[in-house]
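Asker: Spelled out, the chains give:
Number of protein chains: 2
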Amino acid sequence: MADTSSILDRRARLLGPNMTTFYREPVHVVRGEGTWLWDADGNRYLDCYNNVPHVGHAHPKVVEAITKQASTLNTHTRYLHEGILDYAERLTGTMDHGLDTMIMVCTGSEANDIALRMGRAMTEKVGIICTDNTYHGNTDLVSQMSSKRTPIGGPVDWVKKVPAPDTLFPLGGSAEAQPQAFADEIQRAINELEEAGYGFGTLILDPFFANEGFHTLPKGFLDPTVAVVRKAGGIIIADEVQPGFGRTGRNFWGHDRIGLVPDIVTMGKPMGNGHPVAAVVTRPEIMAEFRTRFGYFNTFGGNPVSAAAAMAVLDVLEEEELVQNARDTGDYALGLLKDLTHPMIADTRGAGMFMGIEFTRDGDPEGATTFCKDLVEEMRNRGVLLHLMGRHYHGIKIRPPMCFDRAQAELLAETLDAALKAVPA
Amino acid sequence: MADTSSILDRRARLLGPNMTTFYREPVHVVRGEGTWLWDADGNRYLDCYNNVPHVGHAHPKVVEAITKQASTLNTHTRYLHEGILDYAERLTGTMDHGLDTMIMVCTGSEANDIALRMGRAMTEKVGIICTDNTYHGNTDLVSQMSSKRTPIGGPVDWVKKVPAPDTLFPLGGSAEAQPQAFADEIQRAINELEEAGYGFGTLILDPFFANEGFHTLPKGFLDPTVAVVRKAGGIIIADEVQPGFGRTGRNFWGHDRIGLVPDIVTMGKPMGNGHPVAAVVTRPEIMAEFRTRFGYFNTFGGNPVSAAAAMAVLDVLEEEELVQNARDTGDYALGLLKDLTHPMIADTRGAGMFMGIEFTRDGDPEGATTFCKDLVEEMRNRGVLLHLMGRHYHGIKIRPPMCFDRAQAELLAETLDAALKAVPA
Numbered sequence: 001m002a003d004t005s006s007i008l009d010r011r012a013r014l015l016g017p018n019m020t021t022f023y024r025e026p027v028h029v030v031r032g033e034g035t036w037l038w039d040a041d042g043n044r045y046l047d048c049y050n051n052v053p054h055v056g057h058a059h060p061k062v063v064e065a066i067t068k069q070a071s072t073l074n075t076h077t078r079y080l081h082e083g084i085l086d087y088a089e090r091l092t093g094t095m096d097h098g099l100d101t102m103i104m105v106c107t108g109s110e111a112n113d114i115a116l117r118m119g120r121a122m123t124e125k126v127g128i129i130c131t132d133n134t135y136h137g138n139t140d141l142v143s144q145m146s147s148k149r150t151p152i153g154g155p156v157d158w159v160k161k162v163p164a165p166d167t168l169f170p171l172g173g174s175a176e177a178q179p180q181a182f183a184d185e186i187q188r189a190i191n192e193l194e195e196a197g198y199g200f201g202t203l204i205l206d207p208f209f210a211n212e213g214f215h216t217l218p219k220g221f222l223d224p225t226v227a228v229v230r231k232a233g234g235i236i237i238a239d240e241v242q243p244g245f246g247r248t249g250r251n252f253w254g255h256d257r258i259g260l261v262p263d264i265v266t267m268g269k270p271m272g273n274g275h276p277v278a279a280v281v282t283r284p285e286i287m288a289e290f291r292t293r294f295g296y297f298n299t300f301g302g303n304p305v306s307a308a309a310a311m312a313v314l315d316v317l318e319e320e321e322l323v324q325n326a327r328d329t330g331d332y333a334l335g336l337l338k339d340l341t342h343p344m345i346a347d348t349r350g351a352g353m354f355m356g357i358e359f360t361r362d363g364d365p366e367g368a369t370t371f372c373k374d375l376v377e378e379m380r381n382r383g384v385l386l387h388l389m390g391r392h393y394h395g396i397k398i399r400p401p402m403c404f405d406r407a408q409a410e411l412l413a414e415t416l417d418a419a420l421k422a423v424p425a
Numbered sequence: 001m002a003d004t005s006s007i008l009d010r011r012a013r014l015l016g017p018n019m020t021t022f023y024r025e026p027v028h029v030v031r032g033e034g035t036w037l038w039d040a041d042g043n044r045y046l047d048c049y050n051n052v053p054h055v056g057h058a059h060p061k062v063v064e065a066i067t068k069q070a071s072t073l074n075t076h077t078r079y080l081h082e083g084i085l086d087y088a089e090r091l092t093g094t095m096d097h098g099l100d101t102m103i104m105v106c107t108g109s110e111a112n113d114i115a116l117r118m119g120r121a122m123t124e125k126v127g128i129i130c131t132d133n134t135y136h137g138n139t140d141l142v143s144q145m146s147s148k149r150t151p152i153g154g155p156v157d158w159v160k161k162v163p164a165p166d167t168l169f170p171l172g173g174s175a176e177a178q179p180q181a182f183a184d185e186i187q188r189a190i191n192e193l194e195e196a197g198y199g200f201g202t203l204i205l206d207p208f209f210a211n212e213g214f215h216t217l218p219k220g221f222l223d224p225t226v227a228v229v230r231k232a233g234g235i236i237i238a239d240e241v242q243p244g245f246g247r248t249g250r251n252f253w254g255h256d257r258i259g260l261v262p263d264i265v266t267m268g269k270p271m272g273n274g275h276p277v278a279a280v281v282t283r284p285e286i287m288a289e290f291r292t293r294f295g296y297f298n299t300f301g302g303n304p305v306s307a308a309a310a311m312a313v314l315d316v317l318e319e320e321e322l323v324q325n326a327r328d329t330g331d332y333a334l335g336l337l338k339d340l341t342h343p344m345i346a347d348t349r350g351a352g353m354f355m356g357i358e359f360t361r362d363g364d365p366e367g368a369t370t371f372c373k374d375l376v377e378e379m380r381n382r383g384v385l386l387h388l389m390g391r392h393y394h395g396i397k398i399r400p401p402m403c404f405d406r407a408q409a410e411l412l413a414e415t416l417d418a419a420l421k422a423v424p425a
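Chains as they are written, first to last, in this note's numbering: chain A, 1 to 425; chain B, 1 to 425.
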């Protein structure tokens with residue numbers, strides 16, 4: 001397609017090399033509505049992957065909120081405006097554990113960059129622990145906690161990475177042993193940081209372990225880990241950029257789903273349905289420690305338009321009962337996916353609007369990488385957008401907007417069934 | 001006012017302490033249009049300070065562009081979309097010196113965080129030099145280059161701060177000696193970084209020295225500095241967050257105004273008239289070095305809505321001839337300000353829509369701090385918003401939206417004349 005190749009040429013010329021695209025034939029999208037996307041040739045795609053348009057592409061209520069506020073006023077927090085306050089009240093109202101104060105920023109990376117500094121401020125220790133197959137963002141600091149990308153200047157030795165939990169290959173050899181085995185890994189990392197003289201300050205993790213493959217973990221999985229961290233005087237950050245805002249269907253936050261009580265919660269992508277808005281929520285004493293020392297100000301963060309966009313997302317989630325839909329349609333879709341059969345399917349799992357299938361070849365995940373890549377392409381060519389997951393890109397990840405419905409779940413399952421048959425194993 | 005105190009209470013409770021506001025009686029703004037702001041009681045203010053609403057508060061063309069694109073599609077750069085490409089072409093078209101590639105992000109802090117890593121990638125050196133009275137943003141890395149805020153964890157010793165140029169107290173003792181004296185300071189900092197084993201990588205500065213007080217400097221002022229940096233193999237970042245997009249009236253970019261050829265240009269605040277969008281522009285080889293090593297991706301950065309907002313700002317600047325207006329009305333306003341008399345006025349200067357008056361008491365800037373703070377309050381109470389500038393907050397900064405007109409310049413000057421007479425010296 002001339003169109004695609006000319007756009008790719010312009011991208012390389014204007015944006016530089018190594019600009020990743022999805023799919024061998026990238027999709028040139030021009031319009032979106034609900035769970036649908038259209039390309040420049042008028043082809044329609046069922047979007048089973050985008051979690052940023054949380055309540056659906058181009059949701060009219062979110063657009064209306066942005067338009068109304070942008071045509072009235074957009075300014076910063078050195079003037080008084082109630083938008084950010086109404087939102088802070090509403091957002092913190094969804095959380096327990098004394099998580100009552102908020103900083104509003106523009107990206108999840110900014111949120112994690114702040115959260116890590118809150119941990120540093122509270123503990124006076126620079127040592128950070130994260131898992132070894134995750135992503136927390138792209139600032140200089142946060143890029144140290146993002147796998148599959150080498151930070152400019154190389155990895156620092158005050159960040160320790162522990163093996164992520166796994167469904168097929170559980171730490172400690174069994175699902176039962178895994179919670180303590182994960183905590184033991186954390187303890188080992190703490191010891192290393194203390195021996196190196198950095199001390200241990202902060203553990204950052206996605207309580208749903210989304211990038212790690214959202215493995216099946218029991219509620220309370222992190223209890224032994226929390227005990228280890230608390231004993232060492234550490235701070236726990238729950239990065240809710242992926243599981244937050246009800247995506248997992250039964251809980252509004254991933255940390256509640258797994259029974260974790262974090263000190264700091266960060267969020268981003270789905271928060272404004274695509275509008276650049278993100279946030280850090282924490283207890284008042286942590287907020288006070290950070291803000292008193294640093295006097296953080298973010299020009300765009302928490303501006304009236306961002307607050308209005310974020311508030312509209314919460315309104316739509318409630319009005320359209322989308323968290324319930326994530327649970328009900330998610331359960332239905334997961335059932336359909338579990339009915340699919342293929343010799344390479346090793347595990348089908350998920351929660352709410354976050355589903356995946358892990359593949360192996362003769363028990364080997366790495367043997368399934370090529371198959372999964374081909375499968376994703378086949379689905380794209382059949383009009384269903386999804387993508388890869390897992391340490392070796394040996395699974396498929398399904399993460400549609402929260403308005404995904406039963407007919408669409410059926411279309412997904414039928415298309416996947418056909419694609420599984422069509423792609424050479 | 002009960003309204004204000006209840007909002008301040010909610011801010012303290014929900015957002016934490018140390019949330020700076022402008023003015024002793026902060027303004028509770030509810031509406032903006034052009035250069036005007038209205039508070040909750042219906043009082044109107046002439047906005048002589050906000051540079052974020054670059055083409056005017058709530059500009060209908062920018063709002064329309066945002067609405068149109070948000071109701072059509074908002075997604076990320078892993079799909080193809082022409083919005084970011086059209087914008088990159090248009091933006092880089094305003095720059096010479098081979099600055100032909102762009103990364104679009106959400107905040108000026110993100111832009112500088114990337115730019116500094118580009119410098120590190122190109123030079124393999126961590127040492128950074130900036131001035132001692134500036135602000136480049138709020139990420140962990142960039143907060144090291146921001147004065148008046150102590151980074152969490154304290155200042156690092158691989159960032160060296162040099163004295164900023166000054167109008168009243170020029171480096172080297174005279175305006176003539178100042179260019180070489182500034183370069184000498186840079187050379188001293190380079191030597192310190194090299195002796196400490198860090199090496200010198202990057203010089204970051206605002207070529208208009210906006211936070212330092214936009215001192216009167218000749219074109220070519222930075223030539224000796226550039227020679228020193230080039231000899232040491234360093235990279236130069238021009239932070240155009242404040243002077244960019246035509247604000248200084250005669251040049252679209254601050255670096256052209258002073259005759260600087262930077263390696264990297266960053267921009268933010270005015271770029272989307274309040275929409276969270278920012279960018280890094282650099283030469284293709286620097287972009288390639290950074291992107292090849294790191295594979296940077298920003299979920300919201302360069303999304304179709306951000307690109308549309310930013311493009312609309314460029315359109316309005318052209319259609320309404322606002323750069324010309326910044327020059328003409330800026331000259332007119334500066335002339336009116338220069339006609340004001342007061343025993344404490346030490347210097348009145350500016351360029352385009354960036355003006356200021358520096359005050360001293362018996363030649364001492366610190367003696368003027370209280371007077372300037374009172375003056376800013378008096379102006380606010382008379383319905384004109386402006387703010388402080390200078391190392392000791394001993395001046396007033398005037399930086400209105402680019403649509404500021406002659407009648408408004410007259411209102412500003414008349415109000416300031418009256419306020420100067422009303423505030424006890």
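There could be a bad hint or two in this list.
Unchecked claim - No more than 20 Å apart at the CA atoms, straight line, and that leaves these computed lysine to aspartate or glutamate pairs for DMTMM-like:
#, chain 1, residue 1, chain 2, residue 2
1, A, 421, A, 374
2, A, 68, B, 39
3, A, 148, B, 39
4, A, 68, B, 64
5, A, 68, B, 289
6, A, 61, B, 64
The hints are simulated quantities; they were obtained by calculation from the structure and are not laboratory data.
Asker: Now tell me if each hint is right for this structure.
Answerer: To see whether the hints hold, each was checked on the structure:
As the CA atoms of residue 421(A) and residue 374(A) are separated by approximately 12 Å, the hinted pair is consistent with the 20 Å bound. For a cut-off of 20 Å, the pair hint linking residue 68(A) to residue 39(B) stands: about 17 Å separates their Cα positions. In summary, the hint linking residue 148(A) to residue 39(B) is not supported, as the alpha carbons are separated by about 49 Å, beyond the 20 Å threshold. With a CA separation close to 11 Å, the supplied pair residue 68(A) and residue 64(B) stays within the 20 Å bound.
Taking the CA atoms of residue 68(A) and residue 289(B), the gap is near 42 Å; set against the 20 Å cutoff, the hint is violated. The straight-line distance between the Cα atoms of residue 61(A) and residue 64(B) is roughly 16 Å, inside the 20 Å bound, and the hint therefore holds.
Of the numbered hints listed earlier, those contradicted by the structure are 3 and 5.
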